[in-house]
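K.L.:
Protein chains in written order, with my numbering: chain A, 42 to 460; chain B, 42 to 460.
Simulated from the structure, these hints should not be mistaken for laboratory data. Among the hints, erroneous ones may be present.
Intra- or inter-copy, both count: the list cannot distinguish identical chains.
To be verified - The calculated SDA-like cross-link candidates involving lysine to any residue, where the alpha carbons are at most 25 angstroms apart (straight line), are: (1) Lys-453 <-> Asp-127; (2) Lys-290 <-> Gly-413; (3) Lys-270 <-> Gln-386; (4) Lys-122 <-> Ile-99; (5) Lys-122 <-> Glu-246; (6) Lys-448 <-> Leu-327; (7) Lys-435 <-> Gly-413; (8) Lys-290 <-> Asp-71; (9) Lys-124 <-> Lys-330; (10) Lys-122 <-> Ala-391; (11) Lys-219 <-> Asn-249; (12) Lys-325 <-> Arg-70; (13) Lys-44 <-> Glu-246; (14) Lys-435 <-> Gln-386; (15) Lys-124 <-> Asp-191; (16) Lys-122 <-> Thr-220; (17) Lys-290 <-> Gln-75; (18) Lys-272 <-> Glu-250.
So the chains spell out like this:
There are 2 protein chains.
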Amino acid sequence: MTKNAIYAQSGGVTAVINASAAGVMQGCRDFPHQIGTLYAAENGILGVLHENLIDVSIESDETIAGLKTTPSGAFGSCRYKLKSLDENRKEYERLIEVFSAYDVGYFFYNGGNDSADTCLKVARIADEMGYPIKAIHIPKTIDNDLAVTDNCPGFGSVAKYVATSIREAGYDLESMHKTSTKVFILEVMGRNAGWIAAACGVASEEQNEPPHIILFPEIIFDEDAFIRKVKYAVDNYGYCVIAVSEGIKDRYGMELSASQHTLDDFGHHQLGGVAPIIAQIIKKRLGYKYHWAVADYLQRSARHIASKVDVEQAYAVGYEGVRLAVSGAHAVMPAIRRISQNPYQWDIQAVDLAKVANYEKFMPRNFISEDGFHISDACREYIVPLITGEDYPKFENGLPKYIRLKKHFVAKRLPPFSK
Amino acid sequence: MTKNAIYAQSGGVTAVINASAAGVMQGCRDFPHQIGTLYAAENGILGVLHENLIDVSIESDETIAGLKTTPSGAFGSCRYKLKSLDENRKEYERLIEVFSAYDVGYFFYNGGNDSADTCLKVARIADEMGYPIKAIHIPKTIDNDLAVTDNCPGFGSVAKYVATSIREAGYDLESMHKTSTKVFILEVMGRNAGWIAAACGVASEEQNEPPHIILFPEIIFDEDAFIRKVKYAVDNYGYCVIAVSEGIKDRYGMELSASQHTLDDFGHHQLGGVAPIIAQIIKKRLGYKYHWAVADYLQRSARHIASKVDVEQAYAVGYEGVRLAVSGAHAVMPAIRRISQNPYQWDIQAVDLAKVANYEKFMPRNFISEDGFHISDACREYIVPLITGEDYPKFENGLPKYIRLKKHFVAKRLPPFSK
């Protein structure tokens, strides 16, 4: 019996989440006996609650291909976590009401930790209410912090971007250091998990190659030890390149970006801005001239330098999510499994969503060097396959040609929702 | 009669200055009856003064090819401006002494405004002292602010990078703005001239497309007018993407990064850091959630997304510099001339270095929109050809494979130099 499907994107977007959307769209087309119309909800779960549904069945094959090379969330994302069932049962009932109104039997939610939690809650309330649905969480996060899956789609591309960028900036500093800047600091994302900072480390293939120092949120920031490392690099290599995770913390567990070093007018945690603090510490204690960069959104939207493996995996988790759903799977996530390291081989396995939701995967200690300021060989071996291969978008007038969807909204069938 | 040559790199490096080095190296090989050994001075004019000379004649063809795809200054650059002849005649005499010791008849100095000045001074002192040399300035600057030449090698690639990056970040913000960030600010280089900020504008092909606002150093920052523009964008498009040049100034001519908005501990002009100030102004007056990025060195070293036209022109000014020198030209710069706009065609013309040194080319007013917050069509037509085409480096282990030179230093022939 044919049922309709809803797909939605949630949380911070990535360079390849639209490739997952393309995978879901193609998957739905390939199972016409099980899946009828595929709706995309605008702005994640909010689009379901408010019935802002886009009919993507009528999109062309060119659009699907275009999504594979377009960064960001083409259907709009959201930062919105459903409350617990006890706190707001009405929201859950509304979801089921919408599913029912559109004869939806498949729900694909594409996001990170919070979205896995949302997807699991949706699955449970549907089960409790006896509504038949297959709820599948499609993994996505640049933070690479989802449990069970070997890695998360979105991470490989941000990793390739930050490693490329810090290598390039390292060459720049190497040219300039004799008479000018001695220290360069690149701030990357990662509030609790240091995976993105770790990716910078891949750019350093020899000990003297940048980056010389990596600051992880998993390692308490030790200012004295750090200053010694900076001085060692400048004394021995002439300059020092540093990758810093936005979420590094002091011994009291306080983020440096919120510590006494922060300028009073500026304490917005959303901001990033730990790079200038690190720069200031170095300037005060060692007097070196410095430059810093904050990559912010550039890193997670840099589709122009996406990892080919990442694009393939993002597409595959979308497609496999559909295949799992039509095979009867429910409350699962298609996870990436590393079958072999050399050559790198991977496949996709369904994992119980309860094993994923609300867990956060940090860097294992053995992925960080003994002194806490760089990555280990094990970490390098883990990351390199994930950034391998290029998958360039088309260019027009000198710039990447990304697509925007027309968004054919369907007429609403229910009264407006209010909490 | 065969004479030797010295090549050196100066000032802030670019993604393509090594392509100019490759052009000079190939040029010297193609004129073996005029040019013997090509030496590269380490760290610009300092390498000449201190006789740190690298024999690049023995480099392989693969190295020349590798330089074409490697960012930064492979021979080391310097920030060092020769004093006037009256202030430090000894330095000039030393240069001639070194030229003489190595039988140097050709001097190729690759840099921006300051380097043009240095090259001209070297030419004049040589003439005054009767030392026969052909001094050629090879243009390079991401700032695009050299006079006479239609554009400067290095600009096209930084332009392609910033326009690509702000387009990508714009897609990101478009996905997120409904429930999260409303404003994104990208700070780009450009202390006095707004060419790089202008390049961001090319990413916006329709009025509603990011960036919605560009802040140029040529336009006095009017906070009220700016806030109105931000509010208009958020009201009408849902979000606002802003490109800001690091050098924007208030009505008193003071840089915003050094104004009352700056946090006291942080007044380092070298830093950049105007993006957080703009963010703070928006937060205070409109309350929008924001993100900001500072591209800093990433923008000028982003060889992975270099402009093909830029690479070709960088190589060509190097090669043509040699051709001009062996044809007898002296105290000139190979300048790029725009022959036609559509299709874009260019060639290279020698221009008198006196017409270039110490001039700074700002954005013409008609390249900026009437309200001062975006680029005009004329500006777009000027920039697009310069960012056209891709010229990707090779990748290995997921990252661009850039080269490092072995640097075969020649034995010194003179006593050490001291000022």
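K.L.:
So, for every hint listed, does it hold in this structure?
P.N.:
Hint by hint, here is what the structure shows:
| no. | hint | result |
| --- | --- | --- |
| 1 | Lys-453 <-> Asp-127 | neither (28 angstroms within a copy, 82 angstroms between copies) |
| 2 | Lys-290 <-> Gly-413 | within (13 angstroms within a copy, 42 angstroms between copies) |
| 3 | Lys-270 <-> Gln-386 | neither (37 angstroms within a copy, 51 angstroms between copies) |
| 4 | Lys-122 <-> Ile-99 | neither (30 angstroms within a copy, 63 angstroms between copies) |
| 5 | Lys-122 <-> Glu-246 | neither (41 angstroms within a copy, 35 angstroms between copies) |
| 6 | Lys-448 <-> Leu-327 | neither (55 angstroms within a copy, 30 angstroms between copies) |
| 7 | Lys-435 <-> Gly-413 | neither (41 angstroms within a copy, 32 angstroms between copies) |
| 8 | Lys-290 <-> Asp-71 | neither (48 angstroms within a copy, 58 angstroms between copies) |
| 9 | Lys-124 <-> Lys-330 | between (49 angstroms within a copy, 23 angstroms between copies) |
| 10 | Lys-122 <-> Ala-391 | within (24 angstroms within a copy, 64 angstroms between copies) |
| 11 | Lys-219 <-> Asn-249 | within (16 angstroms within a copy, 45 angstroms between copies) |
| 12 | Lys-325 <-> Arg-70 | neither (61 angstroms within a copy, 49 angstroms between copies) |
| 13 | Lys-44 <-> Glu-246 | neither (52 angstroms within a copy, 40 angstroms between copies) |
| 14 | Lys-435 <-> Gln-386 | between (28 angstroms within a copy, 23 angstroms between copies) |
| 15 | Lys-124 <-> Asp-191 | neither (29 angstroms within a copy, 59 angstroms between copies) |
| 16 | Lys-122 <-> Thr-220 | between (51 angstroms within a copy, 11 angstroms between copies) |
| 17 | Lys-290 <-> Gln-75 | neither (50 angstroms within a copy, 62 angstroms between copies) |
| 18 | Lys-272 <-> Glu-250 | within (15 angstroms within a copy, 45 angstroms between copies) |
Of the numbered hints listed earlier, those contradicted by the structure are 1, 3, 4, 5, 6, 7, 8, 12, 13, 15, 17.
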